[in-house]
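Undergrad: Protein sequences appear in the order of chains X and Y. Just so you know, this note's numbering puts 215 at position 215 of the first sequence, and the rest follows in order with no gaps. Just so you know, this note's numbering puts 1081 at position 407 of the second sequence, and the rest follows in order with no gaps.
Hints may be right or wrong, so weigh each one.
List of simulated lysine-lysine pairs, DSS-like, C-alpha gap at most 25 Å [stated by the list, open to error]:
#1 Y:Lys-704 / Y:Lys-726
#2 Y:Lys-1129 / X:Lys-157
#3 X:Lys-106 / X:Lys-161
#4 X:Lys-157 / X:Lys-106
#5 X:Lys-161 / Y:Lys-1051
#6 X:Lys-532 / X:Lys-106
#7 Y:Lys-704 / Y:Lys-791
#8 Y:Lys-1170 / Y:Lys-726
#9 Y:Lys-1119 / X:Lys-157
#10 X:Lys-157 / Y:Lys-703
#11 X:Lys-161 / Y:Lys-726
#12 X:Lys-106 / Y:Lys-1051
#13 X:Lys-161 / Y:Lys-1129
#14 Y:Lys-1051 / Y:Lys-1129
#15 X:Lys-327 / X:Lys-481
#16 Y:Lys-791 / Y:Lys-703
#17 X:Lys-161 / X:Lys-532
#18 X:Lys-215 / X:Lys-536
#19 Y:Lys-1051 / Y:Lys-1137
#20 Y:Lys-1119 / X:Lys-610
#21 Y:Lys-1119 / Y:Lys-1051
#22 X:Lys-161 / X:Lys-327
#23 Y:Lys-1137 / X:Lys-157
#24 Y:Lys-1119 / Y:Lys-1129
#25 X:Lys-215 / X:Lys-532
Pulled a few chain Y residues facing chain X out of the computed Cβ check, cut under 8 Å [as the list claims (entries may be wrong)]:
#26 Tyr-824
#27 Val-866
#28 Pro-1076
#29 Ile-1107
Everything labelled a hint here was simulated from the structure, so no lab data went into it. Treat the numbers as computed from the prediction; the structure is a model and nothing was measured. Beta carbons are placed, not taken as given, at the ideal position from N, Cα and C, and that holds for glycine.
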Amino acid sequence: MHLYAWLAIILPFIGIAAIYVASCISGRLRNLAAVAFPIMAALCCLRLLPLLLHPGQLPLESSWVWVTHPFILEIGILLDPLSLILILVVSVISAIIAVYCLGYMKGDPGINRFLMLVNLFIGSMLLLVLANNLLLLFVGWKLVGLCSYALIGFYYKDERKYWIGGPEGDAPMTTPSFCGLKALVVTGVGDLIMLGGILIIFFYAHTLNLMELYKSAPVWFPELAQNPNLVVLVTFMLLAGPIGKSAQFPLHEWLPEAMAGPGPVSALIHAATMVKSGVYLVARLVPIFYIGRWVADCQSAELFFTITAWVGAITAFIAATQGLVAKELKKIMAFSTVSQIGYMWIGLGVAGLTQSTLVAGTTAGIFHLISHAIFKACLFLCAGSVIHAVHSIYIQDMGGMRRYMPYTWFFMMIAAVCLMGIPPLPGFWSKDAILLVNLEAHHIPIFVIAIATVALTAFYTTRMMAMVFYGAESQNLSHLKEESQTPHEALPIMWGACGLLALMLLALGAGGPWVERLLHHNFVLNLTETLKLPIKEAAEHAINYHLLVTCLSIGAILAGMIPAWVIYRSHERKIILQSRSVFRELHIFFWHRWFIDAFYNRLFINGTLKLADFVAFEIEDNFDNLIHHRLPVLVTERLPHLLLRLKTETDNFLYIGAYLMGIILLTIGLAMWP
Amino acid sequence: MLEHILLQTIIIPALCAPAVIFGRRLFGKKAAWIARIGLLYSTLLLLFATLKLTLGGVPIIEQHAFAGPAITMNLLGDGLSLPIALIINMLCTALAFYADHYIDHRIEAIYGEVDEKTATNHYTRFYALFLLFPTGFMGVCFASNLIGIYFFLEILPLPLFFIMAMFGYVDRVRVAMVCLMWAVFGAGFFLVGSIIVYYQTASFAVASIAQMAGTPAAFWSISMFLLTILAKMAVVPFQVWMPWVHAEHPTCIAGLLAVYANIAVYVMLRILIIPLTADFQIFSLPLMILALITMVYGALLTLGQTDIKRFAACSTISQLAYSMLGVCSLTVAGIDGGLFFFLGHIMGKTIIFSTAGIIVYTTGIRDMRQLGGLAAKMPLTTALWIIGAMGLAGFPPMSSFPAEWIMFTGIFKAGLMGSPAKLVIAIAGAAAITFSVVYCFRSVKIIFFGPLDEKFINNSHIKDPPLSMSLPLLTIAATTIALGLYPSIILDLFHKVVAAGPFM
Chain X
1 MHLYAWLAII LPFIGIAAIY VASCISGRLR NLAAVAFPIM AALCCLRLLP
51 LLLHPGQLPL ESSWVWVTHP FILEIGILLD PLSLILILVV SVISAIIAVY
101 CLGYMKGDPG INRFLMLVNL FIGSMLLLVL ANNLLLLFVG WKLVGLCSYA
151 LIGFYYKDER KYWIGGPEGD APMTTPSFCG LKALVVTGVG DLIMLGGILI
201 IFFYAHTLNL MELYKSAPVW FPELAQNPNL VVLVTFMLLA GPIGKSAQFP
251 LHEWLPEAMA GPGPVSALIH AATMVKSGVY LVARLVPIFY IGRWVADCQS
301 AELFFTITAW VGAITAFIAA TQGLVAKELK KIMAFSTVSQ IGYMWIGLGV
351 AGLTQSTLVA GTTAGIFHLI SHAIFKACLF LCAGSVIHAV HSIYIQDMGG
401 MRRYMPYTWF FMMIAAVCLM GIPPLPGFWS KDAILLVNLE AHHIPIFVIA
451 IATVALTAFY TTRMMAMVFY GAESQNLSHL KEESQTPHEA LPIMWGACGL
501 LALMLLALGA GGPWVERLLH HNFVLNLTET LKLPIKEAAE HAINYHLLVT
551 CLSIGAILAG MIPAWVIYRS HERKIILQSR SVFRELHIFF WHRWFIDAFY
601 NRLFINGTLK LADFVAFEIE DNFDNLIHHR LPVLVTERLP HLLLRLKTET
651 DNFLYIGAYL MGIILLTIGL AMWP
Chain Y
675 MLEHILLQTI IIPALCAPAV IFGRRLFGKK AAWIARIGLL YSTLLLLFAT
725 LKLTLGGVPI IEQHAFAGPA ITMNLLGDGL SLPIALIINM LCTALAFYAD
775 HYIDHRIEAI YGEVDEKTAT NHYTRFYALF LLFPTGFMGV CFASNLIGIY
825 FFLEILPLPL FFIMAMFGYV DRVRVAMVCL MWAVFGAGFF LVGSIIVYYQ
875 TASFAVASIA QMAGTPAAFW SISMFLLTIL AKMAVVPFQV WMPWVHAEHP
925 TCIAGLLAVY ANIAVYVMLR ILIIPLTADF QIFSLPLMIL ALITMVYGAL
975 LTLGQTDIKR FAACSTISQL AYSMLGVCSL TVAGIDGGLF FFLGHIMGKT
1025 IIFSTAGIIV YTTGIRDMRQ LGGLAAKMPL TTALWIIGAM GLAGFPPMSS
1075 FPAEWIMFTG IFKAGLMGSP AKLVIAIAGA AAITFSVVYC FRSVKIIFFG
1125 PLDEKFINNS HIKDPPLSMS LPLLTIAATT IALGLYPSII LDLFHKVVAA
1175 GPFM
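Next comes chain Y alone, as it looks inside the complex (with noise of 0.2 Å):
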């Protein structure tokens, strides 16, 4: 049961989706449970290959044969990518008990009042494509081989256009195809890039692009990876589909969506800054300067929305380029910080839009100036919706306040030992933080805040969700607030792969 442990976790929710179609006829909508108890038992799989890491374990790597001796599935089970596959798998879990109420009531505003059996189908097919999620984020953190990371990378929008077109909102055909597009066109220039690393040194191995230091042809391989890593992360000018996507998607899948765009970070390290530390420097700067651009245009974006999910989308936009920032500064605290606050930007942003959902769900209202006053009727979600703010904001006990501290620390070292340009984009980062104050905080005051609107007051609707919406994304607080406050057990993985770069 516990040999071939990243292959389990890829395979077994790759398989539990057709069991939960196939199961439907037996089980009904407790179909669903099979999805649930796959998620689980692949989340405490991963748990526990990450405590034996911890606990001074050596890296997993497993051997699988694909499609001959170029492409392989090989996989590596590492510092860097056993903590995110177990921050990622869970709250894939989490957002599968999550949907439970918030699918049903999807089926029912697209589908009306449909029979049981129609709802029944409808509602295991979408836990089928959601399965293919954990799939695709499983793949792409352990696959080491670069056209392994491009299949995981592809299977993702997949699950991704099916909900969005069947369980989504208004605009939701189009805009799918929007996102689809958009998946194709990042897609496609990684492809270019891996092929070009194939021509430099016979193979798709992750570990054998760092053969290619120094040549021309790296320089051209990681322009063509960051174009789909920043279409991925919507870094400007690249964001424009972010607010769409994230604005007519069912909210139940809201908090993957941040890791479907976060996790170009990881990617960007693992075959980009990792092998190729020397020729990336040249891009060093030119990224933390849009990373900068897209916090603070993000920032702009998001004050701007009266929209709720909107409102989630754009801030994602402003956060992201958080992770990337540490990150491309090159200092082993900045990538250190960069991840941590990814694992932070992520939890916290699946609390945010679980809780937006749940807001919608409740009230059927989406624009913010519309709202008001829930506080007084919703006093949970309230809580969890500033739990979300202040993990946004790195307000300390959140993971993202030791994150925020480490990852600027990088961010200053590589400003005082580089260019003057990076000492002055990491006094303005520090300070645009503000803006994910202003707006996090703003947002509950115009949601929560000030009296009860008069349609709210008689409507016995409106109160706090079912434990089994509300217990999940107190889970995820939980952990959040965990790793905030004994941050170490994941930065000491981090630590041991990214120290062995050559970083400052």
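Okay, chain X solo, but in the shape it has when bound (with noise of 0.2 Å):
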């Protein structure tokens, strides 16, 4: 079984080189080897399933030393549940996705470029979720990051239609690579800081194997507790890189600005696989602070978990407001991710809070994982098969849509319609798994904040899908057909694609409960058996939470689907707008994004280079100018007879070397003077 996984790692870096020398040969060669080597790679995290099915086998682990001084470092694998799941996430979707790119990329110059990093991409992914310690992780989780950067950025020439943002004259404009270069950077500020809390815990648990880590938290985690400050410190340093990597408030930013890569970029990285690295990896720590918490008896444990889970809640309801007003269609569905991958840090946070929660929690964290994974790739690839036939990004140059691309219109609906959360579709088990594990720890004002997104999500879909789909068509439309170009179905191979997608939501909503009841099963073997976390039976309720959260949830959905179809469908949106002020502060308001984008483009980017310039051009000048103008100036006139033998037409330094070093052999004669 190893082997499955190492080859799982390795075919798809085999496949960069393989696409660069089937490129010499030909297109079609180089196509088939950008398909074949993440089909394969898909194909042996297939055939790992089985060890899902019958879980008793798990963990499998295998691993070499890599560095043996100053001390032993791995590279090794570990088959777990939750790396089972997640390869089998990134491995099927990536291949579905290295399809489409076939369609989606055809003619473009730089295909041999995008087909390699997408290769590179899903190794490093697979690289970074089956790694068995947290270095290997970490080289995962940067050549991800680098990826992430050369695929926003795929567009580099920043020619005027890869810009976004806008429409133009409405709201400024970005090019792809500063998208790219912000994305890298806000991820990366993340990434050193979690590089830090991993050092600290290397330094207490003298290892980074996961599972030695996990077995031997019992022991390390109360000598790391006895300064309850560090506990904090590490909490916070290593919770930055998966804020960074998944975009949760504060480090959100960058995500919607990553719609600038091409679209397929979109589904892979910043929807569907790379984004979701981060709660894999809060996954990945909860069992150690769940021992810290509540094994080891350590208050501030607790914390790591009150801080994901409202980190979760706060970027679920921010990004979803956002998601609101947004004209851009990828830029909607980016809002929505953010506002998505929240909820799976609510699910993971509420975890470790009670003794109760810890299995569904992270069962229902790691479930909205699978299906957001599924219907958020679906819907991507659908948004840029819309993109490409109607030559705009802005859903207002969209409309009436569904009669042009039936098949496109049809699974985008089964996906929006799964992440709206409507039973019996896959978003709506996941979703209420999470809402019902935050009723049973009792986490209130998250449950109303989680229940608040809902309708918000509800209303955001529902606008996009009328806006697109429904209605009279836009000026732009128009324009395409009078030029000749009306629009028409994608390629068979793009929406064959998003067919695929659609077809594994219909069948993931059927056996939803099996599924969940699999994973719960997965994670209860892994968590209490394995792992020996001891847990707590749930408390019997008056009320069926069960039914509470399902009528709770439909209840918020129809709340935000009924006035969003009303207003968007109608076209009397503007009518609405302009008749209630406090709709047009709060307009502006999430349009500009709580004006968090342009708080932090003051702070730290003007701000940087503005003390890079007080730098450069004050401090740095003037002290060259005293240093080698002024000082030597000074000293000359001071001391002309003494050292005007030494003096050079060239250079006066040596004046201040004499002078100094006479000084400091006095200084240490007299020291030295027994």
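Need the complex rebuilt from these two chains, each delivered in its own frame; the hints are there to steer you.
TA: Structure (structure tokens):
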């Protein structure tokens, strides 16, 4: 079994070289190589699926020593329920998207680079997930960040048509190369702070191996907890990485701009897989802090779960409000991604707040990760096809697209319904599981925020679908038709990929409760039997929480969906917005993304550049002038006779040397005088 | 042939230098091949010696008389000096190939259209001077005598001065003099430190420095040596010379300037930290603070630059401080990682500087704001710059990635076992790496991305450089990636020496 896991990592890396070699021979061979290796990697991962059905054999580990001095570092893989679930999601969705890319990128001059980067990304992501230690995980972590940078800035020539933001005159626009840099830097800040947290853990645990960390946590965590401030510090540092990578508040501002990349990139990296790595790492860290809280009885360890849950809740809400007013199709989905990942964080955060919610919280968070990965990949791919067809990224340039792209509309509708959480699709099961575990943990404030976000999600999803596929056609479409560029359905390879994802959604929806039970069973075995974490049974409640959550959830969906349909289907939005000043103010506030991005730009970008200019042109120039010009002049004027003979015409610096040397020699002489 | 390996690596480049000068009558510009072949040979010797040590061999000790019993030319090739010397010599060899076209371009730019004999004279003069770099570097690496180290440290400013004055840019003569003065300034303190050691131990041998441990003189000698080292490394407040010197020299020796500055870390470890660990403790925290200040200051200075060469120069200030931070943490991991980072940095910086040279050579422009969009016409150059940037920013699979990891393990250990101030420095230091990511990849955006400037669109000269310029850089890139994938080959050698010390 180990062999398949190793192959899953290695094959996409081989694919990079294969694409390059094949591209020198023919385009068709290159295309074959570009999809063959991701598909083979996916098949290797699927070969591991039986392990999930019979989790008694887990965990499996395989490693070899990489560095022996100054301490031992390993390269190895870990197969446990969490990594297995993730590699299945990553590899299968990546393979489907790789196929879609062939259609989407057809004729693009940078297609070789693109396909190689996609393979590099898949390999790196599988490395991240399968790593059996935090160092190797960090290698994958950095590599996916680098791929993300390269793919967001794929259109590096910054042609006007690839700029995002706007519409022109309405809001500032940004170039792909800037967006790539922004993503790299914002996630990089989190990565490097997280590195510090990992190193502190390494100091106490003397290992980076995940299984060893779990098993020895009852010993080393109390040592760490002798200084409760250190636990708090480690918590913040470790969470900084996932917060950045998963685009959670306050490091969430890079993801909307990441949509500058080609459509499949948004689907693959910024929706389905890479942004999930933060959720994955949090899930990996849950057992450690759970042991700290419930075994080592360190109260400060609870902070990890509290922060996780609250970050998730705040992010889910903020991002959803921004999605309400976004005008770019992919950006609506980007906000939606940030918001939905927030739900996963809520699930994982609540998992450790009580002993009875560990398994349910973990299951809910990971289940939502799976369903979100599929429906968001489907949404992004469909969005890519629509944007391709209408030559515009703005939803107001669409409208009535249902009749031109019936397949795309159908598949996107399934995914949108899933995003809203309407039964019986998987989004319903997974989102309700998160809401339920919140209620069971009696975390009412977060529960209320989560329910409110359900309504917002339904609103922006309905708005998006109504403006893209229903209603009257936009002026843009009329222009296109006049120019004989009538929108049409995407290539079969493209809608086929979307259809496959939609089919997966239907299947997962039909088997939702069964999948949830399977995940629950796996996590029970892993967390309680393998890792020996102490848990308690959930208390009985007088009210049926399950029914309550379902009713509230469906009520919230209707509360969001109906007004959005009424407003945006009938094109009455302007009248409503103009009739109430509070709507106008809210619209401005959300449109400016709560002014968070502007604040960051002013503080970090402008602030740093101003500071850099101050250092370079004020401090350094003046210091240079002092050392290389003024000081020698000063010295020569005061001690002209003594130093006259040393004077050179080219430079006066020798004066200082001689002068200082004399003083220092004198000082030493006096100091060493017996 | 395999006897006196260490001496050969010092002597052969020194002998090749006059051979190039005399050989030009016979071979013309082809006399430069004497330099390249000599350097290839010495690199192979070092590779052989390093591999032998890796496979369980013993350190090489060579004893050679020089000037009486006190001042010898004893050489030591151990786990510290051999790998460092190997990488440095490899860089010298690569740059000897890279310089071929570049120096022709400089001669044309400075001296205009000259006859072939004059051009050949300039060209071979460059190579003769260039060979003094490997001589000096190898001497510093292997010398086991303070006067020997002083001697070789003093050799290094000479080729720097003449090459800069003869082949540099606009303000080359004045800056060459500034560079020489700073070298003299630093060397003076080194000599004072050496003399203090001699008066305490009656020897200049590095091995006898440990006899001073615990005496007041140890403090003073460390202080003197540190002044030299800090000035060489351009640590704040001694950084003012670095941007000037790097900006004015020809970029074909740029990588060696990074070595020139960074080798001071090795000297600090060899003559201060290993023999006088306990006495050095008092300097640990102040030096770490200085390193942190330099990291941040250097990074901000880099962000403020518009000149492509000053950009690389200022980043050197910041990056050198990382090695210092690691080594001054006085932990085994900090020292191992710090030294390994030194190697990663000089390779990354050689790639970046030399690529900057390619850009200046191709476009004739140094102002980054006037560049932009070059990736469309220079994909290989772009790839090289990105590889260099990845090396400086510590991305896998570059050697600086494991180096940073190991180094910060040591720095955090010092923080958790020592004063809380060191923990704050460790956290701030790790976070400060973000600056490297910012300035490295911002430069990629400014120079290579965006629309291609109109003046370049129809310019047929704007293209990737000839293979003789790019291949040496690709070789360096392959080496740094190989060391990133398998760092143990060098870390194990470092560790044998460092672990023998009384470090945490």
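Undergrad: Each hint needs a verdict: does it hold in this structure or not?
TA: Hint by hint, here is what the structure shows:
no.: 1; hint: Y:Lys-704 / Y:Lys-726; verdict: violated, 34 Å
no.: 2; hint: Y:Lys-1129 / X:Lys-157; verdict: holds, 16 Å
no.: 3; hint: X:Lys-106 / X:Lys-161; verdict: holds, 17 Å
no.: 4; hint: X:Lys-157 / X:Lys-106; verdict: holds, 18 Å
no.: 5; hint: X:Lys-161 / Y:Lys-1051; verdict: holds, 21 Å
no.: 6; hint: X:Lys-532 / X:Lys-106; verdict: violated, 52 Å
no.: 7; hint: Y:Lys-704 / Y:Lys-791; verdict: holds, 13 Å
no.: 8; hint: Y:Lys-1170 / Y:Lys-726; verdict: holds, 14 Å
no.: 9; hint: Y:Lys-1119 / X:Lys-157; verdict: holds, 10 Å
no.: 10; hint: X:Lys-157 / Y:Lys-703; verdict: violated, 41 Å
no.: 11; hint: X:Lys-161 / Y:Lys-726; verdict: violated, 59 Å
no.: 12; hint: X:Lys-106 / Y:Lys-1051; verdict: holds, 22 Å
no.: 13; hint: X:Lys-161 / Y:Lys-1129; verdict: holds, 23 Å
no.: 14; hint: Y:Lys-1051 / Y:Lys-1129; verdict: holds, 13 Å
no.: 15; hint: X:Lys-327 / X:Lys-481; verdict: holds, 22 Å
no.: 16; hint: Y:Lys-791 / Y:Lys-703; verdict: holds, 9 Å
no.: 17; hint: X:Lys-161 / X:Lys-532; verdict: violated, 56 Å
no.: 18; hint: X:Lys-215 / X:Lys-536; verdict: holds, 20 Å
no.: 19; hint: Y:Lys-1051 / Y:Lys-1137; verdict: holds, 5 Å
no.: 20; hint: Y:Lys-1119 / X:Lys-610; verdict: holds, 19 Å
no.: 21; hint: Y:Lys-1119 / Y:Lys-1051; verdict: holds, 15 Å
no.: 22; hint: X:Lys-161 / X:Lys-327; verdict: holds, 16 Å
no.: 23; hint: Y:Lys-1137 / X:Lys-157; verdict: holds, 16 Å
no.: 24; hint: Y:Lys-1119 / Y:Lys-1129; verdict: holds, 18 Å
no.: 25; hint: X:Lys-215 / X:Lys-532; verdict: holds, 9 Å
no.: 26; hint: Tyr-824; verdict: violated, 15 Å
no.: 27; hint: Val-866; verdict: holds, 7 Å
no.: 28; hint: Pro-1076; verdict: holds, 7 Å
no.: 29; hint: Ile-1107; verdict: holds, 5 Å
The structure shown violates the earlier hints numbered 1, 6, 10, 11, 17 and 26.
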